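Protein chains: 2
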Amino acid sequence: MGAEFQMNTQFSAGIQAMLPLLYAAWADRHLNLKEINAIRKRAASLPFLDETDKAVLLEWSDPARPPERELFQQWQTMGRNAAEQLPEDRAASLAELGVILGHAAEGNAEDRQQFWVDQLPVLTELELGLGGVEETTYRGLFPLYDQRKKLTESIEEATVDPAALQAVLDGKYAGTIARVKEILQRPSFERNMLPVKEDFRELVLAWCKELGEEGIGALAFDEEYGGEDDMGAYAAAFETLGYHDLSMTIKFGVQFGLWGGAVANLGTKRHHDKYLTATGKLDLPGCFAMTETGHGSNVRGLETTAVYDHDTKELIVHSPSVGAGKEYIGNAMHSKMAAVFCQLIVGGESKGVHAVVVPLRDAEHNTLPGIRVEDNGYKLGLNGVDNGRIWFTRVRVPVENLLDKFGGISAEGTYHSEIENPSRRFFTMLGTLVGGRVCVPRAGMSAAKSALAIAVRYGLRRRQFAADPLKAETIILDYPNQQRRLIPLVAKAYATQFGLDYLLERYVNRSEEDMREIEAMAAGLKSYATWFTTAAIQECREATGGKGYLRENRFADLKADSDIFTTFEGDNTVLMQLVAKSLLSDFKKSFKEDGNFAVLKYMGRRMTTIVTEQNPISIRQTDREHLTSRAFYQSAFEFRSRRLTSTLAQRLQAYIKGGMNSYEAGLRCQTHMIEAAEAYVEALVLEKSLERVDALGKNHPTYAVLKKCVQLYALHTIEGHRGWYLESDYIAGNKSKAIRKAVDVLCAELRPEAGALVNGFGIPDKLLGAPIAL
Amino acid sequence: MGAEFQMNTQFSAGIQAMLPLLYAAWADRHLNLKEINAIRKRAASLPFLDETDKAVLLEWSDPARPPERELFQQWQTMGRNAAEQLPEDRAASLAELGVILGHAAEGNAEDRQQFWVDQLPVLTELELGLGGVEETTYRGLFPLYDQRKKLTESIEEATVDPAALQAVLDGKYAGTIARVKEILQRPSFERNMLPVKEDFRELVLAWCKELGEEGIGALAFDEEYGGEDDMGAYAAAFETLGYHDLSMTIKFGVQFGLWGGAVANLGTKRHHDKYLTATGKLDLPGCFAMTETGHGSNVRGLETTAVYDHDTKELIVHSPSVGAGKEYIGNAMHSKMAAVFCQLIVGGESKGVHAVVVPLRDAEHNTLPGIRVEDNGYKLGLNGVDNGRIWFTRVRVPVENLLDKFGGISAEGTYHSEIENPSRRFFTMLGTLVGGRVCVPRAGMSAAKSALAIAVRYGLRRRQFAADPLKAETIILDYPNQQRRLIPLVAKAYATQFGLDYLLERYVNRSEEDMREIEAMAAGLKSYATWFTTAAIQECREATGGKGYLRENRFADLKADSDIFTTFEGDNTVLMQLVAKSLLSDFKKSFKEDGNFAVLKYMGRRMTTIVTEQNPISIRQTDREHLTSRAFYQSAFEFRSRRLTSTLAQRLQAYIKGGMNSYEAGLRCQTHMIEAAEAYVEALVLEKSLERVDALGKNHPTYAVLKKCVQLYALHTIEGHRGWYLESDYIAGNKSKAIRKAVDVLCAELRPEAGALVNGFGIPDKLLGAPIAL
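Residue numbers (the UniProt record's numbering), protein chains in the order written: chain A, 1 to 774; chain B, 1 to 774.
Treat the hints as calculated values from the structure; they're not laboratory data.
Keep in mind the model is a prediction, meaning the values are calculated, not measured.
There could be a bad hint or two in this list.
In this list, chains with the same sequence are indistinguishable; a pair is considered to hold if it fits within one copy or across any two.
[Stated by the list, open to error] Heads up, simulated DSSO-like pairs for lysine-lysine below, C-alpha to C-alpha not over 30 angstroms straight-line:
1) K657 - K589
2) K588 - K741
3) K581 - K741
4) K657 - K741
5) K737 - K657
6) K54 - K351
7) K737 - K588
All chains should be modelled from the sequences, with the hints used to inform the complete structure.
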């Protein structure tokens with residue numbers, strides 16, 4: 001027998017036509033009588049078998065002699081090869097595969113085509129004669145078809161409808177979100193990660209321009225400037241942009257949220273009239289020049305000065321040193337103008353940080369005299385955003401360019417402000433910019449949700465081939481380890497989103513008194529959500545192995561682009577310390593206001609905690625009903641938050657009593673502060689998630705699944721802190737183990753819902769993009 | 001007063017000359033009598049002060065009226081600005097700054113230069129008259145100088161010499177390492193991350209070619225092929241390449257380690273003679289075509305076939321389906337040849353997986369008939385490596401191309417092998433390729449060490465400016481939170497390196513009986529070290545904030561390039577399950593061999609553990625001496641490893657007794673398996689680190705610091721697992737808290753050594769590259 005034949009096998013055409021049937025008959029590793037008889041009886045009368053073939057068939061249908069592993073594998077391989085020649089959207093029959101294989105064994109000779117097509121009926125009869133062919137047999141032969149089917153099935157088998165989940169998440173912003181998704185699926189938004197930064201930046205600029213023309217950028221502006229005065233809709237749009245490309249999202253945020261936001265919130269009517277309409281359409285690209293090289297997290301210490309010259313009624317904007325250059329300014333290369341934050345000096349006296357509009361470039365896009373702009377170069381990600389450094393050398397602008405909502409200069413050349421206290425003035429100004437911290441984590445969540453949708457959908461369609469081809473293949477997400485990796489993250493994504501939604505509502509409906517609380521929440525949730533984003537995308541990349549490393553599958557850009565989210569709009573560790581300081585001041589205030597009574601009340605609360613929660617029975621209670629009860633996990637979250645804050649206060653006090661200054665004491669307690677802040681955010685996220693699910697009502701189609709997600713979020717979080725809970729005698733060792741098992745069980749129970757849960761994020765396939773997820 | 005003057009201030013020249021002194025006098029926020037007198041007395045006679053100036057000075061030296069915060073800050077800013085005009089390598093005196101400022105206030109008029117220089121002596125006298133100026137005052141004015149000085153000081157203040165640490169790490173391979181570093185610092189190796197993959201690949205190819213010509217690629221080959229027969233030196237060289245560029249490192253590994261290794265280890269003399277010399281010089285680029293799209297982690301199930309045709313004495317290599325294409329093959333676009341792994345079929349019988357050398361391209365670099373190669377496209381990282389997919393359509397090669405060390409075809413056309421058992425034959429072949437798993441984690445560690453060196457050095461030179469300019473500025477690494485982030489990682493880098501060094505020695509001196517153990521160690525250490533790499537680089541990126549996001553500071557590429565290390569050369573989670581299986585078989589074997597006695601012995605050991613370690617006193621013991629004693633932490637590591645393995649065995653047994661098949665039982669215990677494997681690796685790393693430090697002896701200059709590193713590694717690891725230890729009643733809550741404090745203390749104690757520890761990695765500044773670290 002020569003080796004030169006189609007499909008590279010040593011079989012005759014007749015035998016080859018029979019292989020799919022033989023494969024099916026042997027797939028459970030033993031032949032039953034019915035199968036033997038069907039094959040042997042039919043073999044005698046089949047026109048395409050010669051005597052040698054019949055002898056081989058007799059041998060291969062001998063129940064005492066199952067085929068060798070390698071032989072069996074070859075049958076499978078050949079069947080698959082034949083299956084690849086069929087349309088991908090349907091599974092063929094074994095008979096059809098037989099026809100293809102028989103014809104192929106004859107070199108696909110044209111004159112033999114009809115002959116083989118004619119054999120379909122007898123082969124089909126034989127296939128039916130075999131009786132029930134196991135589904136795994138078909139799966140072995142039709143992997144591609146099966147992957148698609150499996151994913152659809154996985155979503156169908158869920159008890160919850162993705163559309164209902166999406167309606168819950170989108171809420172009242174569903175209209176805006178749908179509108180943005182429609183725009184993003186236009187041909188002009190075809191994703192294209194151009195490797196050379198200048199090209200990529202041009203593309204991103206064009207995308208932002210189109211969004212501006214569609215009115216998306218102006219959503220938060222007043223109606224007279226082309227907007228809808230709807231900050232909530234702006235945030236929802238921003239979040240939706242995160243499903244497309246994060247460079248575009250961030251550049252959009254710089255242009256409309258930061259530059260536009262500075263003009264809108266720090267400027268007065270003359271600035272609005274002059275700049276806002278053009279800004280909203282991106283006819284006037286602008287940037288937000290706050291951060292300086294020497295002052296990352298310390299806005300108050302900015303060194304750039306704006307000195308008022310009363311003779312000419314001008315402000316002289318100047319960078320007094322190299323380190324006073326504006327650093328990492330987004331949109332710096334494309335901008336015509338900048339809102340420059342500087343120390344305002346009037347009559348030789350510094351009035352603290354104010355923002356001044358400074359033109360950067362002329363109509364031909366040449367930088368104006370006194371302006372120096374330097375490209376920040378390539379970055380880890382977001383290379384579609386044109387970040388740069390900017391220096392000013394005694395640049396004169398009219399005094400009208402001062403954004404003077406909170407402090408201005410009169411015609412007589414004197415400074416005036418409604419807020420006399422410079423410190424309060426400064427923080428009021430900064431407070432108007434907290435919108436960035438409300439929005440950024442939402443875009444981060446879009447990146448995390450995209451990654452989770454890709455990894456979970458891949459986990460549902462991809463099967464791991466067992467070393468032994470006769471063994472059933474396992475869907476990746478059926479591996480407990482994969483469930484553990486991904487499903488708690490999906491649950492946490494829902495919970496965190498609920499927390500962020502609450503923040504957004506509070507921010508949209510804010511009053512001045514709320515601001516301190518909102519700022520603390522924004523700082524905490526921004527950090528929590530962006531740390532989650534980084535961790536979730538990394539886990540998804542690793543869970544999808546080498547496939548996840550290919551850029552086409554999107555983790556590369558999701559990871560690289562979102563990595564800076566933990567740093568910009570405030571470094572997370574710095575923000576968390578601000579949250580802790582706010583917690584401490586609340587804590588102290590409640591003591592101060594109520595005097596000793598508060599102390600007693602607080603101690604009383606602790607006593608109650610100890611009696612009801614930390615008694616020997618409760619800390620050992622392990623039944624599932626208890627563990628998944630709100631009474632257990634909500635108390636556990638609150639206990640942790642309360643305890644970490646009060647011990648923090650005690651520690652700080654002890655250090656200070658011991659003669660340490662408060663700065664040094666704060667340093668010593670830095671990790672404790674971050675932990676207390678995290679506990680506060682977690683308690684907030686849990687509380688708001690529970691409220692959100694409660695508000696749906698028990699009859700809502702998503703109630704049961706979302707409740708389970710919140711339970712999983714809660715128990716998985718407690719599990720993560722089990723060292724602390726054990727240390728604090730809040731749970732005993734047996735309870736800690738029981739929590740781990742409860743998490744396992746919840747993961748397994750949510751496994752059939754996983755496909756629906758990630759589809760509930762509502763990311764259109766076109767935006768999801770990754771081939772491994774489609 | 002007009003506003004148009006140099007340095008943008010409202011001060012007269014005379015006052016401006018005095019500002020540095022005023023700044024210094026007020027730097028501690030109150031004036032003492034000596035300072036007041038010095039300023040007021042001198043002011044009367046200074047030639048550059050007019051009457052107005054003198055009045056201002058009187059006012060500003062009034063102890064009852066300290067300067068406004070903004071004014072004081074302006075003085076500092078101006079002082080710094082002046083300082084920037086001085087050479088960067090020295091701190092000037094306050095008097096010098098006064099001269100610069102005075103002259104600048106007059107617009108730097110040339111005819112006034114001499115006048116101001118002449119004022120130096122009086123100003124100097126005044127400066128001396130102020131008495132001791134605080135160092136922080138100078139720091140406030142000379143940030144750049146101070147950064148440099150600080151870094152140098154930090155390394156000088158260490159008790160350990162970086163060179164001594166480097167000598168320990170480099171060990172007997174110091175010569176090879178130095179040689180490779182010399183090559184990498186040549187101008188031809190200038191780092192250049194070209195954005196377009198084709199350009200970058202060409203550059204990386206040229207680098208590899210130069211390394212080949214220098215004999216680095218051939219180090220592991222026999223001397224007759226240009227090598228030194230030194231696998232250890234090869235591994236050390238590979239690790240050193242990781243300090244330059246990881247694309248180059250991986251491509252180097254593919255060419256010399258995988259392609260060269262396949263020829264050397266699976267081929268016989270005729271292959272060596274034909275290919276090795278050219279391979280070592282990269283005159284013959286080759287690739288290693290094992291993985292298939294459909295078979296990521298299952299080499300045994302490869303579908304590519306090589307059918308022997310006795311008539312022509314040829315092998316016909318064929319990819320029977322799209323999914324049987326070779327996937328992610330490094331060097332695929334540049335290679336002339338490939339070692340193709342396929343099912344060898346002789347006389348119609350499959351003989352299992354073998355490797356065959358198949359030419360891919362002709363001299364003009366056109367692919368040969370039957371060969372199809374597709375570029376894998378852009379990846380998350382390593383875009384300088386040309387990965388591709390390869391399919392074969394009935395490609396005929398002479399039978400001599402079979403790499404036949406473990407199985408060949410005789411002249412008569414029959415298959416023969418010294419290893420009759422096909423399964424043993426397969427694993428023996430695979431075993432020869434374990435070198436990849438020995439080397440890859442070493443390159444990963446180089447990436448982690450680079451990141452740590454950059455972040456720690458940045459943390460030592462960068463000061464965080466306090467919100468209040470009068471407060472002392474803090475070196476970033478003095479923040480406890482930064483110490484917590486970075487120093488345990490530095491300690492772990494040392495410990496992990498010691499573990500990897502042990503593995504390398506065992507691998508270099510291996511005998512056949514050792515192979516199973518070495519394979520388990522390699523699988524475990526590869527996973528442990530590469531997971532560490534990913535986590536460490538991420539932490540370093542976040543610890544350096546926005547600076548760390550700039551590509552010039554290297555985290556971008558370190559992160560992206562090393563991210564796949566957890567997946568290639570075996571997915572970490574799969575490898576860890578292999579490790580666990582090996583642990584289980586050791587466990588079972590010891591039971592089997594010694595019968596009940598072993599069980600008793602094991603139980604006895606457990607009883608002893610319980611008596612000596614888990615008694616109520618021991619689990620609560622918190623004194624530092626105990627916690628940092630080897631007796632405590634080594635026992636804790638061993639206990640965890642032993643306990644996790646034995647409970648794993650018990651759980652599996654219980655499932656199987658309950659009627660579950662072993663596959664399903666394994667699935668259920670997947671996370672437990674990974675945990676047991678990790679505990680085994682950690683115990684190994686600790687044991688080998690302790691041995692390494694012991695071997696140095698107490699008088700070795702690095703002994704004390706390295707011992708402390710190992711202690712920190714140990715306690716930080718236990719702290720990470722504190723939930724488990726608490727659950728297992730191995731430690732009580734108070735002890736867990738004490739461990740946390742001990743970690744804090746060790747971090748603080750190692751803080752002065754941190755600069756020396758990262759310099760001990762021996763990464764030349766030129767290779768480190770990051771501007772923030774230099």
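Verification of the hints:
no. : hint        : result
1   : K657 - K589 : within (19 angstroms within a copy, 62 angstroms between copies)
2   : K588 - K741 : between (40 angstroms within a copy, 27 angstroms between copies)
3   : K581 - K741 : between (36 angstroms within a copy, 23 angstroms between copies)
4   : K657 - K741 : between (45 angstroms within a copy, 21 angstroms between copies)
5   : K737 - K657 : between (41 angstroms within a copy, 23 angstroms between copies)
6   : K54 - K351  : between (101 angstroms within a copy, 26 angstroms between copies)
7   : K737 - K588 : between (37 angstroms within a copy, 26 angstroms between copies)
Of the numbered hints stated above, none is contradicted by the structure.
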